[in-house]
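Kindly generate the complete structure, drawing on both the sequences and the hints.
Each chain is listed here by its residues.
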Amino acid sequence: MLKIENVNVDLGKFSLREVNFRVNSGEYFVLLGMSGAGKSVLLQVIGGLIRSESGSITLDGREISREKVQGRGVGLVFQDSALFPHMSVYNNIAYPLRSKGYGRAEIRGRVKRLAEVTNVAHLLGRFPANLSGGEKQRVALARAMALKPRCLLLDEPISSLDVQLRRDMRLLLRNINSQGQTIVHVTHDYEEAALLADRIGVIENGTVVQTGTPGEVFLHPASEFVANFAGIRNFFEGKLIGSGSSLKQFVVRDKKISVLTAEPAGKGYITLRAEDITLSGNRTDSSAANSFYGTVVSVDPAGLGVEVTVDAGIKLCALVSRESAAGMGISRGSAIWASFKATAVKYIPG
Amino acid sequence: MTRFQPLKLLFIFLGGLLLMFIIAPLAGMFLATSPAEFFDTAAEKEVAESIWLTLWTSMAATLIFAIAAIPFAWILARKKFPFKRLVSAIIDVPVVIPHSAAGIAILGFVSRDTAIGRLGEQIGLGFIGTPAGIILAMAFVSIPFLVNAARDGFSAVPEKLEKAALNLGASPARVFITISLPLAWRSILSGLIMMWARGMSEFGAVVIIAYHPMITPVLIYERFGSFGLSYARPVAVVFICVCLFFFAVLRMLSNRYEDAEN
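Chains A and V, in that order, give the protein sequences.
Quick note on this note's numbering: the first sequence kicks off at 1 and runs consecutively.
Quick note on this note's numbering: the second sequence kicks off at 1 and runs consecutively.
The set of hints was computed from the structure by calculation and includes no laboratory data.
From a predicted model like this one, the values you see are computed outputs, not experimental measurements.
Each hint should be verified, as a subset may be incorrect.
Said to hold, decoys possible - Simulated pairs of lysine-lysine, DSS-like, Cα-Cα distance not exceeding 27 Å: (1) A:K112 with V:K160; (2) V:K80 with A:K13; (3) A:K68 with V:K79; (4) A:K267 with A:K341; (5) A:K100 with V:K160; (6) A:K256 with A:K315.
This is the structure:
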């Protein structure tokens, strides 16, 4: 277990104040915060690259806050991967093993296994300059895992990747975690947090303001900040039913929402982007598998558009342009249809 | 863009003048030396010995002082410490003071009257009129070239890579040898070449510490003083050819290293 207690760091312009949280062994913990909130600094403090002034950091019962960087037993993956540009992928992954004095045959075997796990076996002879962003991150992951760290620290490992690569990387991280690897992952992306985390810690202005399961954090935000920052307007707890085909039903109270997922039935959450919900005066024929009739309960300006909340047994929040809202005459009390596609709904097993 | 044309022409003209200023005297010197004179001079024992002495002492000065200069450059690039700006300014002092004055300063430091001079004598390492003294004088005036180039090289290495290596279990020494040094190597190599070239061409400081044995710049001066321009010129031409040859070879090697890296 990783336990951070009353950690303080003063870096002049920026400081971490009284940071407290714990990460259970084998857990996938996501630190969620805006850029500049102190997420990366906190990872470097745990990794020993920045010294904390007070407080304690214990990893599996061992106090490590005064330990050398090399002896902490944590593997850090930097945001831009920080691969050594003058070494091949093989030598990058072998670097930590050579540092610890492993024999040549042992190194070869381990590099091969790590490369297979992270799907970079075909890249071993290449240099970092010739890798894509996703490949670099996978190599950095393999390298960080080489010494079998007790805790893997990931600094925004997915944010810079495109959509398809993000999905692959999420699967890989989940897979690594499912083999018992404790992971602390920092991100500013609530969707990434919701999709990956066993538990989430929300960090604001250099301190952790709330920790809990995605359900606890998104359904019961502890503060205005968490509520606004989390950004998930449509986050529901419920039960996935159905089997066989990938189109299943997710039951929230008495409402059934069609969801496209290969996950087995069970308790969980769904998220839905506000911009994926279409509003209309009549029920329309479209490919949207979900249509709900309800009453508008609020219309709030949000950025360039307006956020319309519709009570249809469950509260759905849609983001539409001001022009559309005005054209349709949407106001509090209007009756309206809210539709969205099953593919727009993301299911997260609980 | 057309209205800038006259300005561009003026700049090209001024640049051409500058190039001529460098090329003309050298070309004149080469043209005034016949092939026979050139080969006779190159075959002279005194000339060959002096060129060899100049080459190896400047190389020794570069390599010996690099042992301290390169790690020191890393400290300057990476660490914050009190009076860092003063320390950086001190490194540049040899560039700005007259080299004969530098020679006098070194002489005062290592002459037989000083503790260091006596200690050197006791272990058989005299500095006055010896290659050891030449090495010291050459190093004194040329060390800023290496320190500054290496410091710039280390500064350009992302600190994150060094941090990553530490996190991957490497000791600070291993990080320096396997990450910082190879990534800054291009600048360091360039600094080594510059230091070597600068040491090789030194006259003012060396002549005060060691008139004999004669390095080539001193030999050129001596022939000029004793016999005149026509005797000094062939030695100068031979020495310039040797310097340019080594300079070109080293540049070529460092470029090949760069290409291999890219």
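Q) Are the Cα positions of K267 (chain A) and K341 (chain A) separated by 27 Å at most? A) Holds, at roughly 21 Å.
Q.
For K112 (chain A) and K160 (chain V), compute the direct alpha-carbon distance and say whether it is at most 27 Å.
A. Holds, at roughly 26 Å.
Q: Take a quick look at whether K68 (chain A) and K79 (chain V) sit within 27 Å of each other, Cα to Cα.
A: Given that 27 Å is the threshold and the Cα spacing comes to 18 Å, the pair holds.
(Q) Against the 27 Å threshold, does the CA-CA distance of K100 (chain A) and K160 (chain V) hold or violate the hint? (A) 20 Å, holds
Q.
Hinted pair, alpha-carbon criterion (27 Å max): K256 (chain A), K315 (chain A). Please report holds or violated.
A. Status holds; Cα separation ~13 Å.
Q. Holds or violated: K80 (chain V) with K13 (chain A), Cα cutoff 27 Å?
A. 17 Å, holds
Every hint from the earlier list agrees with this structure, and none is contradicted.
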